[in-house]
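Chemist: Sequence:
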Amino acid sequence: VSAAALPRAKAAAGAAPGGAWLLAALVAAFIGVLLLWPIATVLHTAFVDGEGRATLAHFAAFFSLSLMRESFLNSVVVALASVALATILAVPLAYLTVRFRFRGSALVQTLGVLPLIMPPFVGAVAMQLIFGRNGSVNLILNNAFGFRIPFMDGLNGVVFVEGLHYYPFILLNLIASMRNIDGAMEEAAQNLGAHGFRLFRRVVFPLALPGYVAGAALVFVKVFDDLGTPLVLNVTNMLAPQAYLRITSVGLEDPVGYVIAVIMILFSIAALALAARVTRGRDYATINRGGSATARRRLEGWRATAAYGFVLLVLALVLTPHVGILLLSVSRVWSFSVLPESFTLAHYATVLTDSSRMIGNTILYSGLAAGIDVVIGVAIAWLVLRTKLPGRRWLDWSASAALAIPGLVLAIGYLRAFRGLELPFGMGAFTASWLAIMLAYSVRRLPYAVRSCVASLEQVHLSLEEAAQALGAGRWRTVRRIVVPLMSGGILAGFVTSFITASVELSATILLVTRESLAPLSYGIYLYNQSIATRGPAAALGVIAVAIVGIGTWWSHRILEKRAAAAAPRVE
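For the sequence shown, the residue numbers in our numbering are 21 to 592.
Rather than coming from a laboratory, the hints here were simulated on the basis of the structure.
Treat the hints with care, since some could be wrong.
[Claimed, not checked] Cut-off 25 Å, straight-line C-alpha distance, at most; resulting in silico cross-link-like pairs (SDA-like, lysine to any residue):
#1 K242 with T256
#2 K242 with Y115
#3 K242 with L175
#4 K408 with Y115
#5 K242 with F79
[Claimed, not checked] Derived DEER-like restraints, expressed as beta-carbon distance ranges:
#6 L229 with A369: 45 to 53 Å
#7 E478 with R123: 33 to 41 Å
#8 S420 with L359: 44 to 52 Å
#9 R323 with L265: 47 to 55 Å
All values derive from a computational prediction rather than experimental measurement.
Note that beta-carbon positions come from the ideal geometry of N, C-alpha and C, so glycine has one too.
The task is simple: from the sequences and hints, build the whole structure.
Modeler: If you want it as structure tokens, here you go:
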């Protein structure tokens, strides 16, 4: 290799050849057409009157309706209450498992994140059978003590289900933050007399605040935008259900539906921006990582009893939907009784016979969407980290903006922006095809793949590419033979994350599915839940959906472990 080859390769790595410009244009076209244009259409419709003039009359009409004001207030209250419930569950659990030594702490952390595997609308009906007015828990309370607790009445039910489902966002972020706290700070506080709750309030929690704020913001956004859970629980006086009902009943020309969509976007962006602003300007950095420096304290006496009691209570609550949906899927009759009166597998036979196409549709849509996501994710990661294209960061930011766009709003944008668009070869209207569903899934889950691919490429040292180019490999051959194989772990993680989250997407699905032959699992679960007589098949479909998510997660972990084992040095 000549001495001049390596400098030439290094210079080429930061260049911006025609291929890079073409790739950037294709990625920008994908994001622009399938994300930015539909959202811009929604915004334009909300702020423009019938003659094309800018106006705020639609917002005035929205707030003049008492139902809309009530729905707006309910959505904010439910989101904040869900954050509060998630905080009550997650903060003590994170602190106990990170700072104290007791048996089963690793198992507690593992079981504690299981709610994320099952979307909240799947277990909502099972939660009614267990915590409803005539559910298992209230039947026991009424027989033993003569009173009932309104866990699932109206908005209470939405808060209860959403808080139990989304609390792992706070738990995971807090655990990561607490492990990075310098143990010397806690030891110094203890030497100065701070113990127990005062130590946590004055030292531990303030230092872990970035993790808590990040998790709380995610919970707020997820709850505020959720459509499936309120609909399944028959709660319609919230923004997301009202947007769905206005668009489906009044029509695409109803401006109030677009106003609701704009409000949902603004609140999602505001929550994420506020989370960033709360911690801005404060120093949370520590010199040492705290996980290994802090001795985990032993719990004894009544403190150990209280801790174990709290942990068991939390796990019992958060695992209730999983147990309930499994029981419901095999129950012949479950009404006004603590447990099902008889059991059957007929519900599984029903869905495998009548709804097998939904399972195939789910795998098809989610698989294609995840494949598109990782291709776009690899392209964005390479453009951002390996080229000097002006404005390349905007590709990353634009793709990540999908996190702040509710699925319902994106679906409304598709219906508005692409109405009248006919597909070739006699495939019919785009908005009535499976392509619209699949592409909506892809856009919604793109941020997960982008973040995973960017993080993976950041761990691939540039010198490896420079060496390949110095040995004569072209730019694209280097990417194909060196970069992509080294990024395979991140690509796989992005694919699996996109796949399993898309497979249970309901908000966009419910508006874009035009006939049952196109329906995926999530839509089937919603349809079956419309009747008490078909809730057993709905539960069976829910178990199948959870199984798909669980198998996908397990499979990705297995592959990553094998790759890590193969890459590890062998000691003989």
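Chemist: Indicate, hint by hint, whether the structure satisfies it.
Modeler: Hint-by-hint comparison with the structure:
With a C-alpha separation of about 17 Å, the suggested pairing of K242 with T256 holds against the 25 Å cut-off. For the hint pairing K242 with Y115, the CA-to-CA distance comes to about 24 Å; that is within 25 Å, so the pair holds. Only pairs whose Cα atoms come within 25 Å are accepted, and K242 paired with L175 is accepted, the gap being roughly 16 Å. At most 25 Å may separate the alpha-carbon atoms for a hinted pair to count; K408 and Y115 exceed this at roughly 44 Å.
At roughly 24 Å between alpha-carbon atoms, K242 and F79 fall within 25 Å of each other, so this suggested pair holds. For L229 paired with A369, a C-beta distance near 52 Å keeps the hint of 45 to 53 Å intact. Between E478 and R123 the beta carbon distance is about 38 Å. The supplied range of 33 to 41 Å therefore holds. Taking the beta carbon of each, S420 and L359 are about 46 Å apart, inside 44 to 52 Å as hinted.
Range check, R323 to L265: about 50 Å between beta-carbon atoms, so the 47 to 55 Å window is met.
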